[in-house]
Amino acid sequence: MTASHAPSPAYRGRRAMPGPGPGAPTVVPRRLTAAQRAVARRVAYVMASFALAFVGWYLISHYVAGPFLIPPPLAVLKAFGPMSESGQLYSDIGMSLSRVAVGYTAGVSVGLLVGLLMGRIKSLHDLLDPMVQITRFLSPTAMIPIVVIWFGIGETAKYALVFWGTVSLVLINTIAGVLRTPQIRQNAALCLGASEAQIFRLIVLPSAVPFIVIGMRLALASAFVSIIPAELLAADSGLGYLLQQSSLLLQTDRIFVALVTICLVGFLTDQVFHWTTTILLRRYLAVPS
Amino acid sequence: MSLATLTPAKPPLDRAVRPAREEVYTIGNLLKVFGEDKPYVALKNVDLTIESGEFVCLLGASGCGKSTLLNLLAGFDKPSGGQLLYRGKPIAGPGKERVMFFQDANAALLPWQTVQQNVEFGLKLQGLPAGERRARAEECLTLVNLAEHRHKVPSEISGGMRQRLQIARALAVQPDVFLMDEPFAALDAITRRRMHEALLEVWEREKRTIVFVTHDIMEALTLADRIAVMSVGPGSRIAHVVEVDRPRPRVPGDPELGRIYAQLERLLHGPAGEEAGR
Ligand SMILES: Nc1ncnc2c1ncn2[C@@H]1O[C@H](COP(=O)(O)OP(=O)(O)O)[C@@H](O)[C@H]1O
Ligand SMILES: [Mg+2]
Chain H
1 MTASHAPSPA YRGRRAMPGP GPGAPTVVPR RLTAAQRAVA RRVAYVMASF ALAFVGWYLI
61 SHYVAGPFLI PPPLAVLKAF GPMSESGQLY SDIGMSLSRV AVGYTAGVSV GLLVGLLMGR
121 IKSLHDLLDP MVQITRFLSP TAMIPIVVIW FGIGETAKYA LVFWGTVSLV LINTIAGVLR
181 TPQIRQNAAL CLGASEAQIF RLIVLPSAVP FIVIGMRLAL ASAFVSIIPA ELLAADSGLG
241 YLLQQSSLLL QTDRIFVALV TICLVGFLTD QVFHWTTTIL LRRYLAVPS
Chain B
1 MSLATLTPAK PPLDRAVRPA REEVYTIGNL LKVFGEDKPY VALKNVDLTI ESGEFVCLLG
61 ASGCGKSTLL NLLAGFDKPS GGQLLYRGKP IAGPGKERVM FFQDANAALL PWQTVQQNVE
121 FGLKLQGLPA GERRARAEEC LTLVNLAEHR HKVPSEISGG MRQRLQIARA LAVQPDVFLM
181 DEPFAALDAI TRRRMHEALL EVWEREKRTI VFVTHDIMEA LTLADRIAVM SVGPGSRIAH
241 VVEVDRPRPR VPGDPELGRI YAQLERLLHG PAGEEAGR
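Chains H and B supply the protein sequences, listed in that same order. Mapping of the first sequence onto this note's numbering: residues 1 to 289, in sequence order. Mapping of the second sequence onto this note's numbering: residues 1 to 278, in sequence order.
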């Protein structure tokens, strides 16, 4: 008889444990799958992070800066009440979002189109790339003074600034995606009889999707980063304008409402983008290329 | 005299049923030079004729120019000089009668399409109607034993299956020639062996011409009718062509194969091989 046939000490030990008497309901602890545990862990950490932020915020407000410079969380919540009730906050959110939407759509369209062309046509790439590389260093904020002279302080100026903040990110990532399409994949398609146009549409475009999505996601964040200074300096509505007005009136609690709102709106928009693309483009994103 | 003539029975089946042979590739005095400022002569004085239905292996050390030659045969690249004819005509570019088969299946396949869609891809390019596409794809997938996996995507099947998928995809467009560049080099020994069997089975049924690049003598001996041994570069050429007139499946105990193995070993690694390279 081999050792493996003998009950293991652990097994014997479990048997020997005083268990529930006969007839008592046996409670089998439900075991979470590895994926469920990972999600639970992540949620726990996110909550812990926010809790830590609030505690830190409160402590600094209370002991270091004082409630005027940094209003504590509860004061900010109090300021939020009337702003929400009057609807002013939501109309500001709406204004900022609509500017982001128009500027972002324009930036993505142009960046995508020009990026695809530049990725595919070498001479066009070599001609335009130096311009892209050099103008990349002009942030949307740096462009405000001249854009205001060009377009005034109307909506067009805001669209233009968001456009400026998004187009190069989409452009650069789209070019990278096109150039990184495996040559082997294109050659394989050539062998199977694909034309140049078919290679572009059926091979290059799908292969570039992961890069394009990354560029669009970075650009979305940049759109939010771009719109606030534009509204700070030249607007009569929007979250940036709210910040500016509250600052003039020294309403730090309202400033904090606006800041928290920008965080939340940006975060939620990013999450919507992330999950939409993840679901719709799953096939193209889960690609080891 | 080769041992095949001593084995009393019929000649190997694949030879008996093969129709009259035609020249598929005619390569004469071929030259390939890379670069302009510091030119590198990759191939020089390459001579080889490949006939229809033949299984030819290009054997040579790493960097000797095997891929370079195969790319010329596919039409991905142009020769710098000499003669390169496909069925009597110069090669203008890649075409679906000469399908290349790559070692890196992840890069070669379409990862966002299912196994079935990958096989149908070439047929779709030709504008074949959906029903016909499906039927042809089914047939090719069955031939390489992948029919039951047709709804998976390439990342969900094994490396060996991905290579069989490449075979099926190539078969679907009914090419004249298979060009294979060390297709199984990245697979483990057991899977590679299975791939050899699968490929030979397909080849014996379909009677395609196959040009198969390898640096592995055993692989060449398992597969080829003829083995073209390339000398080391620069200025690599086909130093020897060795006939392997042995029935398949080739078994390791075959003394004639042993003799050819020793000969190839000498050609590749021995001082005579170096000499032959110049
Ligand atoms: N596009 C290229 N430009 C310059 N040199 C090249 C190019 N392609 C291959 N070579 C050179 O030609 C030689 C043969 O390469 P290759 O055909 O890839 O060898 P193999 O496939 O036998 O390993 C190598 O020395 C390689 O560096
Ligand atoms: Mg090679």
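If you are wondering where the hints come from, they were derived from the structure by calculation, not from laboratory data. Glycine included, every Cβ here is placed at the ideal spot set by N, Cα and C. Fair warning: there could be bad hints in the mix.
Capping the alpha-carbon separation at 25 Å, the derived lysine-lysine pairs in DSS-like fashion look like this [stated by the list, open to error]:
| # | chain 1 | residue 1 | chain 2 | residue 2 |
| --- | --- | --- | --- | --- |
| 1 | B | K38 | H | K122 |
| 2 | B | K96 | B | K124 |
| 3 | H | K122 | B | K78 |
| 4 | B | K152 | B | K124 |
| 5 | B | K207 | B | K96 |
From the derived model, a few chain H residues whose C-beta atoms are all more than 10 Å from chain B [unchecked claim]:
| # | residue |
| --- | --- |
| 6 | H62 |
| 7 | G81 |
| 8 | M83 |
| 9 | L89 |
| 10 | Y90 |
| 11 | S91 |
| 12 | L117 |
| 13 | P182 |
| 14 | N187 |
| 15 | L190 |
| 16 | C191 |
| 17 | L192 |
| 18 | L202 |
| 19 | I203 |
| 20 | H274 |
| 21 | A286 |
Just the calculated beta-carbon pair ranges, DEER-fashion [unchecked claim]:
| # | chain 1 | residue 1 | chain 2 | residue 2 | range |
| --- | --- | --- | --- | --- | --- |
| 22 | B | G35 | H | R41 | 53 to 61 Å |
| 23 | B | D104 | H | A142 | 43 to 51 Å |
| 24 | H | A142 | B | V33 | 46 to 54 Å |
| 25 | B | D104 | H | R41 | 54 to 62 Å |
| 26 | B | V33 | H | L205 | 34 to 42 Å |
| 27 | H | F137 | B | A92 | 40 to 48 Å |
| 28 | B | Q117 | H | S84 | 29 to 37 Å |
- Run the structure past the numbered hints and jot down the numbers of the failing ones, going up. Structure breaks hints 13, 14, 15, 16, 17, 18, 19, 21, 25 and 28.
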